[in-house]
Amino acid sequence: KNQVEQSPQSLIILEGKNCTLQCNYTVSPFSNLRWYKQDTGRGPVSLTIMTFSENTKSNGRYTATLDADTKQSSLHITASQLSDSASYICVVEGGTYKYIFGTGTRLKVLA
Amino acid sequence: NAGVTQTPKFQVLKTGQSMTLQCAQDMNHNSMYWYRQDPGMGLRLIYYSASEGTTDKGEVPNGYNVSRLNKREFSLRLESAAPSQTSVYFCATGQGTVYEQYFGPGTRLTVT
Numbered sequence: 019k020n021q022v023e024q025s026p027q028s029l030i031i032l033e034g035k036n037c038t039l040q041c042n043y044t045v046s047p048f049s050n051l052r053w054y055k056q057d058t059g060r061g062p063v064s065l066t067i068m069t070f071s072e073n074t075k076s077n078g079r080y081t082a083t084l085d086a087d088t089k090q091s092s093l094h095i096t097a098s099q100l101s102d103s104a105s106y107i108c109v110v111e112g113g114t115y116k117y118i119f120g121t122g123t124r125l126k127v128l129a
Numbered sequence: 613n614a615g616v617t618q619t620p621k622f623q624v625l626k627t628g629q630s631m632t633l634q635c636a637q638d639m640n641h642n643s644m645y646w647y648r649q650d651p652g653m654g655l656r657l658i659y660y661s662a663s664e665g666t667t668d669k670g671e672v673p674n675g676y677n678v679s680r681l682n683k684r685e686f687s688l689r690l691e692s693a694a695p696s697q698t699s700v701y702f703c704a705t706g707q708g709t710v711y712e713q714y715f716g717p718g719t720r721l722t723v724t
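Protein chains in written order, with our numbering: chain A, 19 to 129; chain B, 613 to 724.
Be a bit skeptical, because a hint or two may be false.
Claimed, not checked - Looking from chain B toward chain A, a few residues come up when the C-beta cut is under 8 Å (computed):
no. : residue
1   : Gly-654
2   : Leu-657
3   : Tyr-660
4   : Phe-702
5   : Thr-709
6   : Val-710
7   : Glu-712
8   : Gln-713
9   : Gly-716
10  : Pro-717
11  : Gly-718
12  : Val-723
Unchecked claim - To give an idea of the chain A side of the interface with chain B (calculated C-beta under 8 Å), a few residues:
no. : residue
13  : Gln-40
14  : Asn-42
15  : Val-45
16  : Phe-48
17  : Asn-50
18  : Arg-60
19  : Gly-61
20  : Pro-62
21  : Ser-64
22  : Ile-67
23  : Glu-111
24  : Thr-114
25  : Tyr-117
26  : Phe-119
27  : Gly-120
Bear in mind the hints are in silico, worked out from the structure with no lab data behind them. Where a beta carbon is used, it is the ideal one built from N, C-alpha and C, also for glycine.
Here chain A stands alone, though its shape is the one from the complex:
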């Protein structure tokens, strides 16, 4: 069964600290992996898209990694800010227009 599992479910960190969110997937075939940020009450916003051949991709303070052999991805947030408080969603596109969404990691950044 195609699945995307994210951990932890929730995370609280202090402003300025770094954190890493995990995404494990069992999706076949694999087309690409995406990370989205979703603020409460808003639609998701794309952070990165990674294809099979990409190991690392950065978007400002967000760095995503992909290990296609172990079917794992991580999202690293550097020097967290209060505005980073949101849900972070991992999505795998498994075949054309077949999107498998994780349930997200809810991040809270405290001052």
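For chain A, the structure is supplied; the task is to place chain B on it using the hints.
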């Protein structure tokens, strides 16, 4: 540029009523999508339109119909609403598969 707009923002329906959720984009994207988001579950694709004039079923199409009115607009219709359709509905657009998607602000629908 408004990006992706959705109307209405909130709606309460009684079981059996019908309604249409509207989505419009000014990004000149080819593809448009309708998703639903339920607590404790990942977003699920209801229908998509790869290009103007085409529509296809996603993962959870039962109870819904769609219309790609033109390149800008993609509507989602509930013919006979059921409590199981209580959810937050998101429209998204993109240039196609493998490209990033841009989401609208969502419509929060409650069916009693």
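Are any of the numbered hints broken by this structure? If so, which, sorted upward?
Checked against the structure, the hints that fail are numbers 12, 13, 14, 15 and 16, while the rest are satisfied.
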